[in-house]
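S.K.: Produce the complete structure using the sequences and hints provided.
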Amino acid sequence: MLKFMQRFVSEGVVTNDFPSIVAEPPEGFLGKPVIDFERCTACDKCAEACPTGAISFNAVPQQDIPVKTERILSLNYGDCIFCGECAVACPNAISMTKEFQLAATKKEDLVTRARYRDDGSGKFRFVEIERHAQANDPTAQEIGLRLKEKIHKLLGRSLHIREVDAGSCNGCEVEITSLNNPVHDIERFGIHFVASPRHADMLLVTGPVTRNMEIALKHTFDATPDPKVVVAVGACAIGGGVFGTSYASCGGVDNILPVDVFIPGCPPRPEALLHGILLAVGRLSQSYPG
Amino acid sequence: MDPKLKYSLLLKETWGDRLTVETSVAPNELYLTLDPRFVGSLVEICSTLVKSFRAHFVTLVPVDERSTKRSLSVLYIFSVAHDDLFLILSVPVDPRNMELPSISTHVESANWFEREMKDWFGIIAFPNIYRLASHPDWPEDVHPMLKDFKADQKVPRVRGDFEFKRVEGEGIFEIPVGPVHAGIIEPGHFRFSVAGEPIINLEAQLFYTHKATEKIGEGLTPERTVFLAERISGDTSFGHALAFCHAIERMSAIEIPERALVSRTILLELERLYNHIGDIGAIMLDVGYGVGASMASHLKEQLLQSNEILTGSRLLRGMAAIGGIRRNIEDTPSKRQTLHDVSRNQRKSFENLVEIAMSSSSTLDRLETTGQLTHKEAFRLGVIGLAGRASGIDRDLRRDHPHCSYRQLRFKPALHNEGDVLARFNVRIDEVRHSFELLEQLEDLLSEGPTRATHGPIPSGGFALGYAEAWRGEVVHWVMTDGSGKITRWKITDPSFHNWKGVTVAARNNIIPDFPVINKSFNLSYSGNDR
Chain A
1 MLKFMQRFVS
11 EGVVTNDFPS
21 IVAEPPEGFL
31 GKPVIDFERC
41 TACDKCAEAC
51 PTGAISFNAV
61 PQQDIPVKTE
71 RILSLNYGDC
81 IFCGECAVAC
91 PNAISMTKEF
101 QLAATKKEDL
111 VTRARYRDDG
121 SGKFRFVEIE
131 RHAQANDPTA
141 QEIGLRLKEK
151 IHKLLGRSLH
161 IREVDAGSCN
171 GCEVEITSLN
181 NPVHDIERFG
191 IHFVASPRHA
201 DMLLVTGPVT
211 RNMEIALKHT
221 FDATPDPKVV
231 VAVGACAIGG
241 GVFGTSYASC
251 GGVDNILPVD
261 VFIPGCPPRP
271 EALLHGILLA
281 VGRLSQSYPG
Chain B
1 MDPKLKYSLL
11 LKETWGDRLT
21 VETSVAPNEL
31 YLTLDPRFVG
41 SLVEICSTLV
51 KSFRAHFVTL
61 VPVDERSTKR
71 SLSVLYIFSV
81 AHDDLFLILS
91 VPVDPRNMEL
101 PSISTHVESA
111 NWFEREMKDW
121 FGIIAFPNIY
131 RLASHPDWPE
141 DVHPMLKDFK
151 ADQKVPRVRG
161 DFEFKRVEGE
171 GIFEIPVGPV
181 HAGIIEPGHF
191 RFSVAGEPII
201 NLEAQLFYTH
211 KATEKIGEGL
221 TPERTVFLAE
231 RISGDTSFGH
241 ALAFCHAIER
251 MSAIEIPERA
261 LVSRTILLEL
271 ERLYNHIGDI
281 GAIMLDVGYG
291 VGASMASHLK
301 EQLLQSNEIL
311 TGSRLLRGMA
321 AIGGIRRNIE
331 DTPSKRQTLH
341 DVSRNQRKSF
351 ENLVEIAMSS
361 SSTLDRLETT
371 GQLTHKEAFR
381 LGVIGLAGRA
391 SGIDRDLRRD
401 HPHCSYRQLR
411 FKPALHNEGD
421 VLARFNVRID
431 EVRHSFELLE
441 QLEDLLSEGP
451 TRATHGPIPS
461 GGFALGYAEA
471 WRGEVVHWVM
481 TDGSGKITRW
491 KITDPSFHNW
501 KGVTVAARNN
511 IIPDFPVINK
521 SFNLSYSGND
531 R
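Chains A and B supply the protein sequences, listed in that same order.
Residue numbers for the first sequence, in the working numbering: 1 to 290.
Residue numbers for the second sequence, in the working numbering: 1 to 531.
Every clue listed holds true.
Covered by chain B, per the in silico footprint, the following chain A stretches (three or more residues, Cβ under 8 Å): (1) 27-37; (2) 78-92; (3) 176-185; (4) 238-244.
Using C-beta positions, here's what the derived DEER-type ranges look like: (5) B:Pro450 with A:Arg39: 28 to 34 Å; (6) A:Ala223 with B:Arg508: 29 to 35 Å; (7) B:Glu448 with A:Asn255: 46 to 52 Å; (8) A:Asp222 with B:Arg157: 15 to 21 Å; (9) B:Gln408 with A:Pro258: 53 to 59 Å; (10) A:Glu130 with B:Val25: 46 to 52 Å; (11) B:Gly290 with A:Glu99: 34 to 40 Å; (12) A:Phe4 with B:Thr23: 55 to 61 Å; (13) B:Glu437 with A:Asp17: 32 to 38 Å.
Hint data in this document are derived by calculation from the structure and do not stem from the laboratory.
Fair warning: this is a prediction, and the values are worked out from it, not measured in the lab.
Ideal Cβ positions, reconstructed from N, Cα and C, are used throughout, including at glycine.
M.R.: Okay, here's the thing in structure tokens:
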């Protein structure tokens, strides 16, 4: 017992201050890739380098013109596995930032699209940004400030989560387990992981939903009482990730269940998970009658 | 004498014309092709390799080569540890008669491989015909790994029920558990037959996380497949990606720069560290020792954070690359400091943790004699890796088939004989200590130089084994390329696939409340098993 006391005193509090202070990830961390649209020449190198097709160029169909003179660049953070290969292929226009709180309530909010036009000489030039990824989502800090009150009002100081692995590689599980360690300590928010969907308010789903987990996932959803939210964790759960859609994979949770929040990452860091979970709590109040 | 020559002569002497012996580009692989007329001697050859040559069954690779050779072939891969050699027995299979004799009566560890082969390729290893990989709602005559099956094909569900071995008798009842479990773990279904609390029999139905990884790898370039390999089993991201890169490098004879080799060894040991320490905590948690568990999870978090500083990824993703590593792990003062901290300061925290774990006699009491897997059973089932070493199976690829920098390191595999949860706990403790020592040695070995070799095109029609001793055990990949250097066959073997039978045997005669800790002490990957 004396040994425990010694250790506790010498170590002090190890829990971090997320979300009031969001620690910056270390140098070399691969967060959200950002494209400098002015510099981009729509050359396709990044799209070729991307292992999941998160970056793509599509010719815009134009009436009466056989040669396509417009292309749309689309960058989908939902499909991104944050490998950094695009930035290696095109150091000129693409850089990896340290931004990692990317959760969004709509899949469409994870997509940035920009229009490029042939300037007549065969070279494509940037025209305009059609949409920016998640322009309106509140930051984690804002959500965190409102959280305590919200959970208290709705759920009596607790949010209960049932984690469902619908075929993930277990990378997301490593990070979700990390939420329980003393550094991230998710229980300080009144959030608990529970053993049964019948006790849960939230389903935290990982994996692309394999053929063999599809039925079990539906049963789990049905067993969860209302009001409930579904959070899709990681690139696989959002759009199939590296596994895509195949005979064995349904290519994302929203093909099977209604999803309230999408958390990009492969896997998302614990802070990114927390940010998404906190965002989903906001959703809970919207879906709650009265 | 060169082992390749020695075994060529030996094999010729024993089986004469029945076997054609060939070498390949890879330095320690010997391919033996069995004359199709002598398929009947397959069982005899395999059992002789295991019994007389003391070869260890590693994996079984069916390949659909109907487009080039008009036949399929099945590779039975054995490792001869004392001579650092892989014997690869290739058996042609006629597409009109997809049947081979089963070797699993003599080589028990081939059992699951043969059943998976039937489900995925339709090649029957008679009489081993039971389903393993395909769930009951999958049609009997659809074999997804054959070349004429397209990966995105829609397959309708059919009616069917799981078949479990039933135990009958007074007071015996069945408890179904899963696939969705109580903790944050992967899906699988367990069927316990119990008499009161003691488990009489345990059957596991896996393959819930089957994602067609091998199939969708086909047709990709090797560079892109590395990212898929990182996602076979998230906790072994680096181990799997490294084994895959090894296979490509061995078939293309790519020389890896010294600095890359050392860096890879460091990353492999870092992966071992965070997983072993996480498991040590999880085992304590499962027997209700909260203080120890919490300390271990804190230490694991610190290691994950160190990983992020060194590589930009907490799970060491995006590091493995064909020809070396993708990013330098020791090019800034903060990285150097982190590496130093891991091998010195974290080591102190770990010793403190061990002291606290060992000071709780009630914890040790729960671990001792629980979930015992005897040496005899472990040997029969072919249990490998850390679970094997806890049952006295003295096999560690870092010593037996040295890869990366292991040849230069002073190192002795951890070995315990009891085979219980405590032994697996202790193997982890020993291996963590070894890893700290190895990291210290490796820091000194890190020399200046390139981290990645430039290489020419990947050969067309090349094939080779790639392997690595990851934290859970040996990860083995066999890769074959097509005419344009893209992947045409990729067989992934995670140690979990060998060890799951070990879990079901170890659980017998234990009480149900001990199953979580028994399962955790093996901590097998469902995703690595199901792919």
